[in-house]
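> For the record, the sequence lines run as chains U and V.
Heads up: the first sequence begins at 1 in the working numbering, then just goes up one per residue.
Heads up: the second sequence begins at 1 in the working numbering, then just goes up one per residue.
Just so you know, nobody snuck in bad clues.
Just a sample of chain V residues kept apart from chain U, beta carbon distances all over 10 Å, derived:
1. N36
2. G70
3. T181
4. L187
5. K195
6. L198
7. V206
8. S207
In silico BS3-like cross-links for lysine-lysine, where the CA-CA straight-line distance does not exceed 25 Å:
9. U/K305 x U/K374
10. V/K15 x U/K138
11. U/K147 x V/K15
12. U/K416 x V/K15
Honestly, the hints are just simulated from the structure, not real lab data.
Remember, it's a predicted structure, so these values are computed and weren't measured experimentally.
Idealized CB from N, CA, C, for every residue including glycine.
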Amino acid sequence: MKLAQIFALGALAIIPCLLANTPADEAAQQQILLFGNSSEPPSLDPHINASVNGSRIINCLMEGLISYHRDNDNIPEPGVAETWEHDGSYRVWTFHFRDNARWSNGDPVTANDFVYSYNRILNPELGARYAQLLYTIKNAQAYNESKVPFSDVGIRVVDDSTLEIELEGPTPHFPNIVKHASWFPVHPPTIESAGGMVKQDSNWTRENYVGNGAFTLMEWSMNKVIIVEKNPLYWDADTVRLKEVHFFPTENANTDNQRFDAGSNHYVNTIPSDLIPTYIATGEPSLRVEPYLGTYFYRFNTRKKPLDDVSVRQALTMAINQRAIVRRITKGGQFPATGYTPPGISGYEAPELVKYNPRDARNLLAEAGFPEGKGFPKLTLIYNTSEAHRDIAIAIQQMWKSILGIDIDLRNQEWKVFLDTVQQGDYDIARAGWIGDYMYPDTFLFMWTTGNGNNETGWSNTEYDKLISNSYLEANAEKRLKMLYDAETILLEEMPIAPIYFYTRNYRLDTRVIGWNPKFLDNHPFKYVYFEN
Amino acid sequence: MIKATPGSPFDDERKVPPAVLEKQMEYYGYGDSLLNQYWNLLYRHVTIDFPPIASVPGLTSGDIIREHFGTSIELGLLGMALALLIGIPAGVLASWKKNSAFDYIPMSLSMTGICLPTFVIGPILALVFALQLKWTPVSGWFGWEYRILPALTLGLFYAAYIARMTRGGMLEVLSLDYIRTARAKGLSGAAVVLKHALRGGIMPVVSFLGPAIAGVISGSFVVETIFQVPGLGRHFVQAALNRDHSLIVTTVFFYAILIIVANIIVDIVQVYLNPKLRYD
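Based on the provided sequences and hints, a complete structural model is requested.
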């Protein structure tokens, strides 16, 4: 054989390799979504799970009274409830179930199932992390703290397909809260046969998952893959066009991204942070940069000197150049924080009180008794170990040094140690982040009330507490938002925290995917998602 | 010691009401006194009644071992087999053709192999074989083609060690009297090396194998993470990060047994290979 022939044959042998479909191509043909889901969810029980990647899958398998809208998180979409109304004061809500809502084993979804479910998540013995989200229900908190029996909780079955929920106070945005996975039902007979209502480590999700969502659980191989398939009994099954979704728990961001490049995935949950600026610069078509309902900020420990002085806290915050941080360090399209509650919630714009102002910062520090930083004690800034947090901390250390003339120490701590240190209040300044659970500002503002477990700054303001607690009694939606606005104004004037930026979600999505819309809560109902072939 | 590290599996950025936390701690046995917790855990392990684990509700620590140990063994043994298949021939060749290209090239490669950690080799292999050549998948653990890259990554590192050890062992043996005798009676070079010297020359490798096998099975955390292999190594590390005391105790317990067993087997093999170690 001549050399030329050998080359020609070799070239022929390579062609099929180049033309061969990748797994992602083949899956797209069959309407199967291959999803890089970052890590193994510890649980798929809606009342036990507390992880984001778990709740993505639970949202496929279960449906609450009200669902997420396909493109707008502010709009409630009918779920198990076909219609709902309130008593005129937003205090008592009645949900009317659709008659074709079914569990995946064929049983009808009834009002009693929801009562059982709310009894379960609120039951003190279950110790559910997200039980707090149901505290809007009358006496729910008291029951969760073992102070009253369940019969006192404001949930009532009118008939099999009508559920009445009485709330602690008027709540105009109640339909937005109900969308959260903690409000999802569970199938009572399944729970009972797997050890009962309050068994914390019940393994019903692993053995026999009975759900009422658009998909059912087909396979769960730990650390390997979780496969859900279309549920033919789902009331809106005609809308569902995906046949299956495969969730791969790829923990290593680099590997996950390589999987996408090799055609093994349609979605990458976390892009390695150093690649994001490159993708933005090269206009990578699969890259998505979308606003997200979350804020990155620093906590000041107001119990410690000199951070107990408002002027000092204001000076430190004003000396942070947020714009420089998002442009030069995070580089993922984040927005400099102007307030604490991020934009996106309909009818609410946080007061823009966080501004970079070096001159005022210096003056305030001088007023507080530290002109040009003289005599300022050496504070320590702690963050949980991560390059991204370190880079931001170094930048801020430098800003404070050059603008205010003060020196601070940086210290990184392993995650659990970090959480413990902050909780003990054994810090000066600590990194933090907060992601909203639903589209209403109190998901960001309630935490700063006196003694709240998530406050952790020691900050307390009676006026703030009053505004927040009064807002829960106000039925007028506008007045209520105004109260929250006033509360946030106090928070930002007192500055127990230094807001730095509003999060964005950076991820990659196959360009063939249709029906996937940017969402502030990063919630993409898979029932509307499909491939164009 | 675990108890002294700050934090618990129930810690999270989002705090839960103290009443809820208390119920969780109570359920998973964190509320007891330290000594009671310890005895309770030990007792449950001895009676093979494994405790529930707080970071993965619904499973016991025994379930985790049952489900993932097989994968770890498979990956470890595949890696070890590759390491032996590459390492021993390379080492033998190097000692046989001492101070030639057959010696220098494999030995410098093995030096590189020892110096390069798996988290460097792994992504490089993935880049070349999965992304450029598209011969293998990037990650996962499904068909046989998914085994190649993780086993290779794990194997190359140990192959490098084994090659150097084989060479050292062989050189020592080759200078012994009985080899000279063998040569004197007119045997060919190959026969001497493979038949007589190899058995003695790989002794260091055999004694290295015991801890190494236990090591590949337990210490493949990095490889498991890079290639998304559902093995036990990741649970070993995650348990510590999550402060999941019962899972930590179980995995440590399990690995302790594994190392003891591996070493016993090696001792037996050594006696078989080297008559000098026999008592009578």
